[in-house]
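Protein chains: 2
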Amino acid sequence: MNQLEKLDAAYIAGFLDGDGSIYVRVKPNATYKFGFQIAPNIVFFQSQKGIKILEELKELIGGGYIRFRKDGIAEYIIGDMITLQNLVKQIRPYLRLKKLQAELLIQILDQKSRVVTQEDFLSLVKLIDSFLTLNYSKKRKNGFTSVKTLLEQKL
Amino acid sequence: MNQLEKLDAAYIAGFLDGDGSIYVRVKPNATYKFGFQIAPNIVFFQSQKGIKILEELKELIGGGYIRFRKDGIAEYIIGDMITLQNLVKQIRPYLRLKKLQAELLIQILDQKSRVVTQEDFLSLVKLIDSFLTLNYSKKRKNGFTSVKTLLEQKL
Numbered sequence: 001m002n003q004l005e006k007l008d009a010a011y012i013a014g015f016l017d018g019d020g021s022i023y024v025r026v027k028p029n030a031t032y033k034f035g036f037q038i039a040p041n042i043v044f045f046q047s048q049k050g051i052k053i054l055e056e057l058k059e060l061i062g063g064g065y066i067r068f069r070k071d072g073i074a075e076y077i078i079g080d081m082i083t084l085q086n087l088v089k090q091i092r093p094y095l096r097l098k099k100l101q102a103e104l105l106i107q108i109l110d111q112k113s114r115v116v117t118q119e120d121f122l123s124l125v126k127l128i129d130s131f132l133t134l135n136y137s138k139k140r141k142n143g144f145t146s147v148k149t150l151l152e153q154k155l
Numbered sequence: 001m002n003q004l005e006k007l008d009a010a011y012i013a014g015f016l017d018g019d020g021s022i023y024v025r026v027k028p029n030a031t032y033k034f035g036f037q038i039a040p041n042i043v044f045f046q047s048q049k050g051i052k053i054l055e056e057l058k059e060l061i062g063g064g065y066i067r068f069r070k071d072g073i074a075e076y077i078i079g080d081m082i083t084l085q086n087l088v089k090q091i092r093p094y095l096r097l098k099k100l101q102a103e104l105l106i107q108i109l110d111q112k113s114r115v116v117t118q119e120d121f122l123s124l125v126k127l128i129d130s131f132l133t134l135n136y137s138k139k140r141k142n143g144f145t146s147v148k149t150l151l152e153q154k155l
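Order-wise, the sequence lines are chains W and C.
Going letter by letter, the first sequence gives residues 1 to 155 in our numbering.
Going letter by letter, the second sequence gives residues 1 to 155 in our numbering.
What you were told as hints is all true, and nothing was included just to trick you.
Identical copies go unnamed one by one, so any copy, or any two together, can satisfy a pair.
Here are the simulated DSS-like cross-link-like pairs (lysine-lysine), alpha carbons at most 27 angstroms apart as the crow flies:
| no. | residue 1 | residue 2 |
| --- | --- | --- |
| 1 | Lys27 | Lys70 |
| 2 | Lys89 | Lys49 |
| 3 | Lys49 | Lys126 |
| 4 | Lys27 | Lys89 |
| 5 | Lys89 | Lys6 |
| 6 | Lys58 | Lys99 |
| 7 | Lys27 | Lys58 |
| 8 | Lys126 | Lys148 |
| 9 | Lys6 | Lys58 |
| 10 | Lys99 | Lys27 |
| 11 | Lys27 | Lys112 |
| 12 | Lys99 | Lys6 |
| 13 | Lys70 | Lys58 |
| 14 | Lys52 | Lys89 |
| 15 | Lys6 | Lys52 |
| 16 | Lys112 | Lys58 |
| 17 | Lys112 | Lys126 |
What the hints contain is simulated information worked out from the structure, not anything from laboratory work.
Bear in mind that the values here come from a model prediction, so they are computed numbers and not experimental data.
Isolated chain W, as found in the complex (with noise of 0.2 angstroms):
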């Protein structure tokens, strides 16, 4: 992940803003601890053919990959810890719609890497449902509720 100029992290955090996601996913993964994967994204989509900007993001920022879609979307997409945690922190600041979730990711990746116990991951995941509210989302899949059935189910 690179130091981004300021002006360049404004940009970014506009392009985010106008047409990118941050959000979070909490998928059934049994190789885990707790049966389920947390997966912090940032993304940024484009048709195919606004693939070049993609590219630019990836080489500016410096991290991440980008995928394309069936549906003949591309997708930049950033999950790894360590570049999500610098982007986000050097975005945080300009960002005006995103800014709540840039926080809430924030609050996330820092609870995400304390976890040890059950409780722990419960609470994690609890915090993760607020994206619900703050992306709009009207389903998820594995929310606070299913996810402690499930792992009390197991005890």
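Start from chain W and add chain C according to the hints.
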């Protein structure tokens, strides 16, 4: 139109690259000298839920208006010459994806203000046609050839 802070100009450039549009329409209108209105626009899009950020941009830029489309999209539209000219000059240094469109718009605004003859007007329409390629637009109702044909029929 306000004088923007550089960081705000960079933010707006990012937002426009991510989710905005620069275009010029050639609209038939008998009240105009050559039978067509040249309507340049910078537009920012959001779902109606994202209306607040459009209002914030409008506050920041100090011009234009917001309208709601029937399909649930809100548009912040800048169409008056003074605001367009000021805005595009201030954000041009930070644009990446739409830099060429911005430069073409500046050229068009300049040439538009100096139209006297029908030849001038047709050469302006030809310049506007260049947006076709830049915006990947497949159809343009009133391109150079059709406007030229119409104007020649009138003679």
